[in-house]
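Novice: The chain contents come next:
There are 2 protein chains.
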Amino acid sequence: MVKQERAVRTRETLIRSAAEVFGREGFARASLTAISSLAGVSSGALHFHFESKAALADVVEAEALARLLAVTRTEPPAGASHVQLLVDITHRLAYELRSDVVLRTGFTLGSELSRPARTGLREHWRGWVEKELERAEAHGELRTEVAAQDVVTTVVAATVGLEGLGVRDAMWLSAATVSRLWRLLLPAVAPAALLADLQAGGTRPR
Amino acid sequence: MVKQERAVRTRETLIRSAAEVFGREGFARASLTAISSLAGVSSGALHFHFESKAALADVVEAEALARLLAVTRTEPPAGASHVQLLVDITHRLAYELRSDVVLRTGFTLGSELSRPARTGLREHWRGWVEKELERAEAHGELRTEVAAQDVVTTVVAATVGLEGLGVRDAMWLSAATVSRLWRLLLPAVAPAALLADLQAGGTRPR
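Protein chains in written order, with our numbering: chain G, 88 to 293; chain Z, 88 to 293.
Source of the hints: derived by calculation from the structure; they are not laboratory data. Treat the hints with care, since some could be wrong.
What the hints assert, rightly or not - Straight-line distance between alpha carbons at most 25 Å, and here's what the computed SDA-like set of lysine to any residue pairs gives:
no.: 1; chain 1: Z; residue 1: Lys218; chain 2: G; residue 2: Thr264
no.: 2; chain 1: G; residue 1: Lys218; chain 2: G; residue 2: Met258
no.: 3; chain 1: Z; residue 1: Lys218; chain 2: G; residue 2: Pro164
To be verified - Derived coverage of chain G by chain Z (criterion: at least 3 residues anywhere in the stretch with Cβ under 8 Å from a Cβ of chain Z; other residues may be distant):
no.: 4; region: 111-122
no.: 5; region: 180-188
no.: 6; region: 192-202
no.: 7; region: 272-281
Heads up, the beta-carbon is just placed ideally off N, CA and C, and yes, glycines get one too.
Kindly generate the complete structure, drawing on both the sequences and the hints.
Specialist: Have a look at this one:
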């Protein structure tokens, strides 16, 4: 039992170390030696858990997707609008991208040209934004003059842009930056009657 | 003279081939053999022009920057607003990103983790958007309720997002997608009096 716990912990450490090295060097240049050395385990131990660098990257991406799902599965506070939930989750995602190297690297791995294209984190994020905006529209939370698909395109493009820019400069993932985005977008998206209740800075204290 | 012309042409072919291979494989995995073979020249000829893969990537990025400068240097049509120029240039950039592999790869090379961070194409684009929106503000083309910095953040994030998403799916760089973005943003950005003259689909036929 103790041995099993240690194996689980070693595996977690390896995933985190892999995310750090992939995130710093990129997938193609990252070496398994650098990863095992950062994790403080032998290369034999690394190969016991992961058969190849590609397998390790797949696991980092899967673990990052699980964390993204945990972010997007957040329940809205009672009575909160879908638009406010979208604002809150965008803030939460930016915060997690700043602080969680596994989540951050999961996004960059998905767009690395040296790995095969697959349904990655961006695609999941796009799907979630779309579904949430469909709900907002069904609840009369979008201005009638606005096409929901225009909002989906703009929100997905802008948030993926913040994620990409944030790789090199975390300022793009700050709460101030996310608030700037929503300060401009909310009046374009939500009817005037709802605007007073919507907060571009989000409603969840962290 | 003929010999010199041939050398210039070979160099151009090598840059284009390098952009294609970097764009498909990523910098770290791209091989000089694949590049010279795609260009139809010997590896000796490649080494005559470029001393290393890093030097070749630097030249691709510099050539892409020159092309981006050609896009952003476009003069506005007489009487056109700065906001309309921004819309038009965004459309032009998306079009060029779809059709010009050197420009497209110049953007992705700048965000590849396996290369050192430097002032790349995104940074130039950000600076140009900022300057153009400052001019728009000075000419009363932004709504007074709107902070120019909110517009800069949103436009830069959204356009960089389209560029990044467009690497894997060119639909994100279509004129329809860019128009969706501006259809939502223009009423948030420009005063009501100017809106009738602004065209989200751009004013330049291609």
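Novice: Hint by hint, which ones does this structure get wrong, listed from lowest number up?
Specialist: 2, 3, 5
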